[in-house]
Amino acid sequence: MKKTIFVVALSVAGFIAVWRFEPGPVQNTAAVAQAPPPSVTAPSTTAAPPPSSSSASPASPPPSTPATSDTPSTRDTKNETVTTQGSAESSRYGTVQVQVTFTGARLAVITLLQAPDSGRSLTALPRLQEEAIKAQSADIDTVTGATETSESYKTSLQAAIDARGNR
Amino acid sequence: MTNRVEQVMGLPISLDLRDEGDFAEVVDDVFAWFRDVDARFSPFKEDSEVSRYDRGELTAAQLSDDLLEVLELCAYYEQLSGGAFRARLPGRGLDPCAVVKGWAVQRAADLLKAEGATTFCLNAGGDVVTAGEPEPGRPWRVGVRHPEQPLAVCAVLESRNGAIATSAAYERGSHILDGRSGTPATGLMSVTVVAGDLVTADALATAAFAMGAEGITWAADRPDCEILIVDDSRRVHRTAGLALAS
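Chains as they are written, first to last, in this note's numbering: chain V, 104 to 270; chain P, 72 to 317.
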């Protein structure tokens, strides 16, 4: 359990570091992702602020062992659901606070509790795949970012559009 | 109605002109202008004005007004981007291509309008200027190339009398360097900027791409433009005012 909380804390810290790059209000449920095994997750977030600066759940003791500690977990946390809130982190883009829910080692939900409200807003962050699916059926007149060389032009969408126009 | 495609300046340039009437002569002039720009401003042609200036064969006082304008634009965007956008990288020759393209295509669009054209879409290697509407009440629909799939689009934008430019790293990677480090830009897959003119759209797209992740907020904070950026994590960032087609 101690290890799980620690992983959660580090993940929150890492997530906050990532959020800091994002300037605008973001949808509430930001992502549902599979977390790598704890032994991989913990070291990979070493670039984040120290865990103590981004507190985990109130019950968690301040972590005193390194993330790669070999201390075995004495409880079966396989299907346990753990929800924890990160501290409100201020950055030059505003205040960000996230809540994460784990089911066992799987990162189930990340919820944005506070989002920056300063600066010009960017819309929520859809995934490229979702955007692309919506865009597929549209009938278009031209393409931006299409081609930069004569070779790539030959097989491009823009070439097909140009050919259509010349019929 | 005219459709013409030519390879000029190393780019496929497509003109889709919908006006009735005889525009054959002005269309010829537009493509002649692109060939002229290529001859004068290409850093890859030894006798171009850019190459001669770079070798010291021309002084600043001998430069054409056009090249001076281009160099001023380069300096402006270099300053605006904190050096991420740079026309002269250490150890390399002068290369104003990033500005020349947008500038030349916008000039061509202005020439078409001055000669009475009201309804056209001009696309130079994926940088687009639109005028009017292809059908009454319907704006031009501009697909944004999917950064990972050459024959797919990841968004469709609506445009009337505007400009759209995209800088991206497709299959072969980016040729855009971060002027601050001199190394290839990283962090973003595709940057699309919508603006009132192509000089602005093209330069901002190139500069934001060169800046990497921090280019997202940088571009979003510029007034009078809208952005659609796909980052390396495949997240799509867009400004609220972006005109997405429904």
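Just so you know, not all the hints are guaranteed correct.
Said to hold, decoys possible - Not everything, but these chain P residues come out facing chain V in the computed CB check (under 8 Å): (1) N74; (2) V79; (3) D87; (4) L138; (5) L160; (6) P161; (7) G162; (8) T190; (9) N194; (10) P205; (11) V213; (12) V224.
To be clear, the hints were calculated from the coordinates, so they are not data collected in a lab.
We treat Cβ as the ideally placed atom computed from N, Cα and C, and that holds for glycine.
How the hints compare with the structure:
1. N74: With a minimum Cβ separation of about 4 Å from chain V (threshold 8 Å), the hint on N74(P) holds.
2. V79: violated, 10 Å
3. D87: Given a least distance of 6 Å, the restraint on D87(P) holds.
4. L138: violated, 23 Å
5. L160: Violated: closest Cβ of chain V sits about 19 Å from L160(P), beyond 8 Å.
6. P161: violated, 24 Å
7. G162: Violated. Min distance 24 Å.
8. T190: Cβ of T190(P) sits 11 Å from chain V, so the hint is violated.
9. N194: holds, 5 Å
10. P205: Holds, about 6 Å.
11. V213: Holds: closest Cβ of chain V sits about 5 Å from V213(P), inside 8 Å.
12. V224: holds, 5 Å
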